[in-house]
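S.K.: Sequence:
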Amino acid sequence: MIDYRLRRNTRGLRQKGFCLIALALTLALLGCRSMSSHNDKSEPQIPVATDLSLIPVPYSLHRSAGYFTLGKNAALGIHSNDAAAENIAHYFSELVQRTRGVHLDLLAPTSKDNNTQSGIDFVLDPRLSLKDDDSDEGYALTVATGRITLVARSAHGLFNGAVTLWQLFTLDADANLPLRIPCLRIEDHPRFAWRGLMLDPARHMQSPEFVKQFIDWMALHKFNVLHWHLTDDQGWRIEIKKYPKLTEVGAWRRPAGAAGTDANGQPVRYGGYYTQEQIRDIVAYAQQRYVTIVPEIEMPGHAQAAISAYPELGVTGKNPGVSHDWGVHTVLYNVDDSTFVFLQNVLAEVMDLFPSKYIHIGGDEAAKDQWQASARVQARMRELDIKDETALQSWFTRRMQTFLSAHGRKLIGWDEILDGGLPPQATVMSWRGSKGAIEAAKQGHDVVLSPDPDLYFDHLSGDLPDEPAGRPKVISLRDVYEFNPIPKDLDATQARHVLGAQANLWSEYFPTDASVARATYPRAAALAEVLWSPVTAHDWNGFLDRLVVQQARYRELGIGYAQSAFAVHIETTFDAPHGKVGVKLANQTDFGTIRYTLDGNAPTPQSPRYTGPFETAASGEIRATAFAHDAPLADARARKLDPLALLHRSSGELRQCHPNSGVILRLPDDTPVGPDQAIFHVDLFDPCWLWPDASLDDIDHIAVNVGSIPFNFQLWKDIKSVVTRKPLKYPAGELQVHLDRCDGDLLAAVALAPALANAGTTQLEVPIGHHAGTHSLCLRFATGKYDPLWAIDWVQLVPAH
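Per my numbering, the sequence shown runs over residues 69 to 869.
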């Protein structure tokens, strides 16, 4: 039984007011009878997972009979003199107004009508007790037929409860009054303290407005940590007053390839930074949403932008230039005392801007080549009696931890900070799988799980042939939902060191705000439930059912989410002799009812239901989408069924020649920039594609749309794995097509004119002669070099007539 007795003088409320609040809460608790004792069959037996589409699932939810009806004269009573409670009430009312068109009058604590007319009560009660809750984020929400009461012992808990109540206000798409909210009782609190997402503006900067919007979306999923990756080799994004060149120089780069030159032939200056005024504004905004921003200042590696601004900070003393390449760079800070003075001055300004307990210092991918080659660094190591460069990085990290500790902050870094010895009281963010988290937790250190690939959202969420740019190893919605933040190798005591987890949105392939949003949702919803809800409440099918409503909320909020989980994949096989097409339809989650049309119209819930593979005539077009509760789960997808369209493959539909040994990416063409930009599915180590079992009967030639992009990748020691192939016929380079195998007969070679490089895509005509029957085709480039990187956009088999 929850104790709702309120102490005198708490939060400045008068005893009379307390009595009225207690009465209201008592009425609220009594207003809904238990569903099990309800005999009125006119009231539906609503299953929690279907009609109460709450994400994440609360710790405890009990449904009761009846509904609370929200009318046009609704009001919200604020039962606290705490300014934070009033701010939360304003936030909630504005959210309801924006997404439901419902106006709520706010009644201040001193209002004489507060206890009689509110209908909805927000109450701060420091004595609230919730089962198994030792956080300050829990809340209790009671919906009765005549009143809604939200109680929390902290403002953070009140905010979380307000988010849940907003979800109850948005259970369907009908925004008309009166709104009906099911009677229920929720007691809720989080499973983990660290529930995070990481934004990376260092590669492609996001606007301050988008960062605020991103924080809004986080808050509506009960995420509470935004890890902000503000510096890297490609850009320095935070204004530091003491070192203005960090933003004057380090915040700007020239893009690689054709994108680096404008229409007038002038260099393009790309980048930007956040002023300290903007950062203070964003931090304050996040605090109002109960999101803590953890800033990251990379060291000793990923420092090329900073060293470009102040070359004396580097090992060589030379200006390396702000990088336009992705990957592992070898530019490191030196280990002179003057460099530590610089870093401490930077962190002093960072700490002034960010009140977060944690400061992230990076520490990953610090390739030690420059340290190994530097006589000055080697002499410093001997002076300090440091045995190797790994131990030198540990010494570097310990020095930074000492500085942060002296200022009341905690150091957190990527799991490489374990190498050479972990500084006392440091926290590890484990990205190279879970190994670092296991090792650190066993040593008694706190850890945050952020493993690649499990929670790296730069991996694509689906394998549809038209997925956007990104890393093609699919991390699906289900992969995220089934992620376990507690490594199985930890015992109960060690597991207590797991603070939580976060997903990372590395932005090499996310140049726009829209691409970031698409990569984040709905996978972030799956992670939110993993990190908030008790394990016993995790239910994959129930989550999918609730996601139907959640997607409607996304559309209302303007979140351009990925549709990969529900979009229908249309697979076709062409029987040319008989003019027939075999059709298979499926979606990634196997959720919903797939319906399709063959008449050019969009599918509806009344369209034919897909029950299994079928054949149809090779003409027209098929359109398909999946439905649940008569609502489309994704946009309808279409595929032409005429013979020419069936003889077409995009690079995403072709197979890679070495899928298990290469580095396969989906890369955007560097020109033109915009919606018509080609996306190349390509292996960096060996650009080579296979079209298995291509029917070459009556095929006259092959049309291949190709393009080239700059090889702007720092592969460090992996550069030796990149294949270069000498041309056989055309010294300037060629596209080769081999029959049956890549080491089989050369079917044809077509010249690549040098003028085509970095100039958009070009269609090549490849004559193949007469080859009847079914054959595999191997397509690859031979130029004798790997830069530029040539790639295929699409391939078309062209009949003789």
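If you are wondering where the hints come from, they were derived from the structure by calculation, not from laboratory data. Where a beta carbon is used, it is the ideal one built from N, C-alpha and C, also for glycine. Mixed in with the good hints there might be a few duds.
[As the list claims (entries may be wrong)] Computed list of lysine to aspartate or glutamate pairs in DMTMM-like fashion (alpha-carbon distance at most 20 angstroms, straight line):
(1) K785 with D703
(2) K652 with D703
(3) K309 with D420
(4) K853 with D349
(5) K280 with E162
(6) K455 with D534
(7) K708 with D643
(8) K436 with E345
(9) K386 with D405
(10) K785 with D437
(11) K436 with E417
(12) K708 with D487
(13) K794 with D855
(14) K478 with D420
(15) K436 with D420
(16) K310 with E162
(17) K309 with E345
(18) K140 with E162
(19) K788 with E507
(20) K503 with D420
(21) K652 with E683
(22) K797 with D813
(23) K652 with D534
(24) K309 with E380
(25) K708 with E683
(26) K503 with E550
(27) K425 with E550
(28) K310 with D437
(29) K648 with D667
(30) K510 with D559
(31) K436 with D813
(32) K556 with E507
(33) K503 with D487
(34) K280 with E307
(35) K309 with D330
[Unchecked claim] Pairwise CB distance ranges (calculated):
(36) G668 with V866: 51 to 57 angstroms
(37) N155 with E451: 30 to 36 angstroms
(38) E451 with P379: 21 to 27 angstroms
(39) P673 with T842: 27 to 33 angstroms
(40) K386 with Q511: 18 to 24 angstroms
S.K.: Lying within 18 to 24 angstroms: is that true of the beta-carbon distance K386 to Q511?
M.R.: With Cβ atoms ~39 angstroms apart, the hint is violated.
S.K.: Between K309 and D420, does the CA-CA distance stay at or below 20 angstroms?
M.R.: With a Cα-Cα distance of about 12 angstroms, the restraint between K309 and D420 holds, given a limit of 20 angstroms.
S.K.: Take the C-alpha atoms of K708 and D643, compute the straight-line distance between them, and say whether it is at most 20 angstroms.
M.R.: Holds, because 15 angstroms separates the two Cα atoms, which is no more than 20 angstroms.
S.K.: Can the restraint linking K785 and D437 be considered satisfied, given a maximum Cα separation of 20 angstroms?
M.R.: holds, 11 angstroms
S.K.: Between K309 and E345, is the straight-line Cα distance small enough, at 20 angstroms or below?
M.R.: The given pair, whose Cα atoms are some 11 angstroms apart, holds under the 20 angstroms limit.
S.K.: Is the hinted pair K510 and D559 satisfied, with a Cα-Cα distance of at most 20 angstroms?
M.R.: holds, 9 angstroms
S.K.: Sort out whether D703 lies within 20 angstroms of K652, counting only the CA atoms.
M.R.: holds, 18 angstroms
S.K.: Within a Cα-Cα threshold of 20 angstroms, do K853 and D349 meet the stated pairing?
M.R.: Not OK: K853 and D349 at ~49 angstroms, beyond 20 angstroms, violated.
S.K.: Please work out if K503 and E550 have their alpha carbons no farther apart than 20 angstroms.
M.R.: holds, 18 angstroms
S.K.: With the threshold set at 20 angstroms, check whether the alpha-carbon distance from K386 to D405 stays at or below it.
M.R.: Distance of about 18 angstroms is within 20 angstroms: holds.
S.K.: Compare the distance between the alpha carbons of K652 and E683 with 20 angstroms, and conclude whether the hinted pair is satisfied.
M.R.: holds, 9 angstroms
S.K.: Is the straight-line distance between the alpha-carbon of K794 and that of D855 20 angstroms or less?
M.R.: holds, 13 angstroms
Of the numbered hints stated above, those contradicted by the structure are hints 1, 4, 6, 8, 11, 12, 15, 16, 19, 20, 27, 28, 31, 35, 36, 37, 39 and 40, listed in ascending order.
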